[in-house]
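Colleague: So the sequence lines, in the order shown, correspond to chains A and B.
For the first sequence, our numbering assigns the number 685 to the initial residue and increments by one for each residue that follows.
For the second sequence, our numbering assigns the number 685 to the initial residue and increments by one for each residue that follows.
All the pointers check out, no bait thrown in.
Simulated restraints, written as ranges between beta carbons of each label pair: (1) A:820 <-> B:1011: 19 to 27 Å; (2) B:1034 <-> A:939: 47 to 55 Å; (3) A:939 <-> B:936: 31 to 39 Å; (4) A:794 <-> B:1011: 33 to 41 Å; (5) B:1011 <-> A:728: 37 to 45 Å; (6) B:922 <-> A:728: 30 to 38 Å; (7) A:874 <-> B:705: 31 to 39 Å; (8) B:870 <-> A:939: 23 to 31 Å.
Over the 12 Å line for every Cβ pair with chain A, so calculated as not near, a few chain B residues: (9) 689; (10) 696; (11) 794; (12) 972.
I should point out that these hints are in silico values taken from the structure, not numbers from a laboratory.
Each residue gets a CB set at the ideal place from its N, CA and C atoms; glycine is no exception.
Number of protein chains: 2
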Amino acid sequence: MERKLTRRVYAGRLPIGGGAPISVQSMTNTSTHDAAATLAQVHELEKAGCDIVRLAIYDKACTDTIKAIKKETDIPLVADIHFDYRLALAAIEAGIDKLRINPGNIGSRAGVEKLVSAAGERRVPIRIGVNSGSLKDDMVQKYGHTPRAMAESALEHVMILEDMGFYDIVLSLKASDVPRTIEAYRYISQRVDYPLHLGVTEAGITYNGIIKSSIGIGCLLAEGIGDTIRVSLTDTPAEEVKAGIGILKALGLKQEGIEIISCPTCGRCNIDLISLASRLQEALSGIKSPIKLAVMGCVVNGPGEAKEADIGIAGGKGQVALFKKGSIVGTYPEQRAFEVIIKEIQEMMASGCFGDNTSL
Amino acid sequence: MERKLTRRVYAGRLPIGGGAPISVQSMTNTSTHDAAATLAQVHELEKAGCDIVRLAIYDKACTDTIKAIKKETDIPLVADIHFDYRLALAAIEAGIDKLRINPGNIGSRAGVEKLVSAAGERRVPIRIGVNSGSLKDDMVQKYGHTPRAMAESALEHVMILEDMGFYDIVLSLKASDVPRTIEAYRYISQRVDYPLHLGVTEAGITYNGIIKSSIGIGCLLAEGIGDTIRVSLTDTPAEEVKAGIGILKALGLKQEGIEIISCPTCGRCNIDLISLASRLQEALSGIKSPIKLAVMGCVVNGPGEAKEADIGIAGGKGQVALFKKGSIVGTYPEQRAFEVIIKEIQEMMASGCFGDNTSL
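Next comes chain A alone, as it looks inside the complex:
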């Protein structure tokens, strides 16, 4: 799928936009005053595959935590700041890689100029983040609670920065309503070429939050819109990263690790497929190489789909047929399916089938 070409900005070492890989974000939920706990969470997020971490910076003491984390890791950090441009100045001073502020509510014109000048000097990009829940009254009166109101509100903030000759801008337009979120991003994407940070805000608790975010973020990504994503869940930040990576993988925008294509089972299925697929997922979850494994219950769809996969099995009565890149390797008793697949994948990895020779 073709991606919309946006301007590129850099959050520290991380490129955003302009054809860069889509990055996955999250935000710490420890007290930012607690540097040790926050650092531990940042490390946990890095381990989960997070590309860039946001911190709430709500007072001056929070900026000490930025310094402390910067000493320990080079993962790009974003400061989330409301209402006070001096905190943003202090965050830049502390080495922050990106700011999330809305210039229209961060202080006086003179204050914003100071901040923008400092950000410009160090090439610290600014994300303008409009949430449908906190639109200004005049926008709501003019456009109602609409995607248009969100976009126009973002453009108002953008103009403040552009007026000051600042263009290292990222934009987000989040609503908790999925169709409204999608429409707002589509609208702004046609108006500007700044990179877009995608998210559905307040998406809720894990299960429904993942569904809402998958639709909202996924739908836009599938249209080529979006440069960096954050899944907002009422759950741990690492869960947000897991879901974000899942969305990218579902769209083929990140190729990494095992992808199991497994059928939903039906009355035709004669093997214990749910258990087999789950055990394989578990056993193969540590693999970084992109491997497509098909686990199919029957001969109707099995062989066809398994042919597209790197390796696959299709179940029969008490036995399974094993395929590798479209060729039948053999037939085995169902009880041996698990070990046979693991062994074959190990051998394929060892022989460099997947571009490296990492072992399980």
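Dock chain B against the given chain A, drawing on the hints supplied.
Modeller: Chain B alone, transformed into the frame defined by chain A:
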């Protein structure tokens, strides 16, 4: 969002297409020979909110199970049949409400005519289900493994039915690849006005399967495409229904039960929001009335979003502010948040705020 207007068909009492509510499907994975187990699963699916249930009909004995289930419930049943038109005739005889067959591979022309004539007489609609994994070789040679090949393959089957004067048709074009699935449905949606059954096939184990299905199905629904959906998961059929309903609710296509808008928490959050939101979700899960509840950690986004919700709380330091339809009702200690919200919702329900007086 505007929906594409399709022809309407009826699977028993259930309208599909032509502006009917989008129905949620699943498929039993018990042995269809085991009538008792299959009936139990059908009942379980009805309880989960399933609108229409598919059964694999792979031999004559399976059709006895259709009869047995029909005696006990009126939920519409679909027979999934491959390669043998006689099974389809027997399923119609047994009272099936809809067939899933591909006319091009169900038997001789004479056989298909018999079947289509029987289906036409009883107004039993036929779903043509094309899966990217089982495309015929000539289509793959002509169009490659593309969305176009899937659509053209479906149209070939459609022509057989149209030639026989049969138009009670539903179409599905499923791939395990999400972008390919989306493209195939977009393509066919522009070519025909038959109702579309949406699904991503072999989406995999629950977690990734839900992400893939949410993107694929959700993206199309958000464009107004799709009349009935099935989430295919390597999990129990009831889990498929839960995810399907979740997708419809995320898009506002089904309004039922509690919707919790809760923030992801961050370093500003001073209350134990994840736990509070989860406990509320659990306690309120039985409610059928559509209630929008906001559970927000801080004052930055909290009050704004909470104003849009029927009822909401925004956390402060050790306390919460309670909102009802935009008005502050009061401030309470954090420990009382749970009971206060439950009590308010009970009172709102009792006084008919949500269109009925169901109690918790």
